[in-house]
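Model the full structure from these sequences, guided by the hints.
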Amino acid sequence: MSAFLTWMTLAALANLLSAQVVAQGPDTAPPPLSSHVMVWHGGLEMVVLFGGTGPDRQPRNDLWGWDGQGWRLLSTDGPPPRLHCGLAYDSGRDRLVVHGGIKNREESFGDTWEWDGDSWKRQSIDGPSPGVRDHHALVYDQRREAVVLFGGQDSDDAFKGDTWTWDGQRWQLQAESGPPPRSTHRLAFDSDRKTVVLFGGWGPHYQFGDTWEWDGSSWTQVEGAGPSPRGASRAAYAPDLSGLVLFGGVAGRTALADTWIRRGAAWTRLDVQGPAARNVHAMAYDPLRRRVVLYGGIGENGKLGDLWEWDGQEWLQLTD
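According to my numbering, the sequence shown is numbered sequentially starting from 319.
Quick caveat, the hints were computed from the structure, so don't treat them as lab data.
Fair warning: there could be bad hints in the mix.
As the list claims (entries may be wrong) - Estimated spans, in silico, between C-beta atoms of each pair:
1) GLU425 / THR586: 38 to 46 Å
2) ASP444 / THR538: 30 to 38 Å
3) ALA543 / ARG488: 38 to 46 Å
4) GLN376 / GLN539: 35 to 43 Å
5) ALA493 / GLN635: 38 to 46 Å
6) ASP629 / ASP444: 38 to 46 Å
These numbers come from a predicted model, not from an experiment.
Virtual Cβ for every residue (Gly too), placed ideally from N, Cα, C.
Here's what the structure looks like:
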């Protein structure tokens with residue numbers, strides 16, 4: 319084994335050991351969930367899942383990790399329980415970033431938290447911030463080394479259309495124009511085009527099926543056919559597989575089960591069988607195993623606890 323590979327192996331092991339593992343084992347896994355969030359954590363080399371609501375309809379704040387073999391419960395003492403929050407992994411600083419979300423109709427959040435692989439810390443915000451909102455989206459912009467936030471709804475259920483960035487010390491308002499105000503949209507970072515991609519969502523009067531790109535200074539709408547208008551879909555960018563992968567969502571009151579990919583600026587619907595129709599599920603890309611991971615959501619018969627992976631050709635069901 320080369321010295322480089324030895325170093326990489328030891329570094330990965332050190333990262334895993336540094337994480338606070340509350341529980342692990344074959345019988346340990348998240349319950350059926352909806353309105354949770356997932357992202358790839360490069361430091362721990364696993365997909366992590368946070369928050370949402372389970373069968374008891376109570377908001378949660380547990381943090382789970384999936385390494386391709388099993389789940390690990392990493393933390394239970396972070397931000398107050400919530401759903402419909404924003405989550406991103408800042409790979410430059412090796413931090414999970416959580417913003418906002420909602421607990422119930424009477425309580426929503428405008429706080430920002432970070433997890434360093436061992437403990438959570440609420441960030442002290444000096445200056446303006448996105449404030450209270452839910453159903454928004456976060457993603458880490460690798461080129462500009464900042465977390466990008468767009469849209470959502472505030473405590474009065476007003477739709478937002480502003481763009482913010484977080485650099486680990488402060489929030490900065492980048493734009494108040496661009497895509498029309500909306501919630502339940504998706505953001506992903508296209509590492510090939512070096513842009514943040516936005517798709518779909520709900521607006522004040524209708525659902526969107528539009529695609530936009532953020533280059534760090536302005537938004538541009540991308541012309542061309544794509545997925546049908548919908549909210550609460552989920553997407554992950556998989557550069558080694560098919561590009562941007564989008565699954566499901568809801569159109570009107572109809573849950574969807576279609577799979578779309580976006581290579582370059584062109585969307586294509588795939589003729590593949592996969593997970594049952596659902597919305598408010600969660601997806602993230604595992605670059606080590608080259609798999610897009612999908613967990614949970616709301617389907618025809620309620621909350622789901624199934625785990626699926628997309629390998630670039632087909633969906634593989636790992637758990638029921």
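Evaluation of the provided hints:
no.	hint	result
1	GLU425 / THR586: 38 to 46 Å	holds (42 Å)
2	ASP444 / THR538: 30 to 38 Å	holds (32 Å)
3	ALA543 / ARG488: 38 to 46 Å	holds (39 Å)
4	GLN376 / GLN539: 35 to 43 Å	holds (39 Å)
5	ALA493 / GLN635: 38 to 46 Å	holds (41 Å)
6	ASP629 / ASP444: 38 to 46 Å	holds (45 Å)
Every hint, counting from the list given before, is met by this structure.
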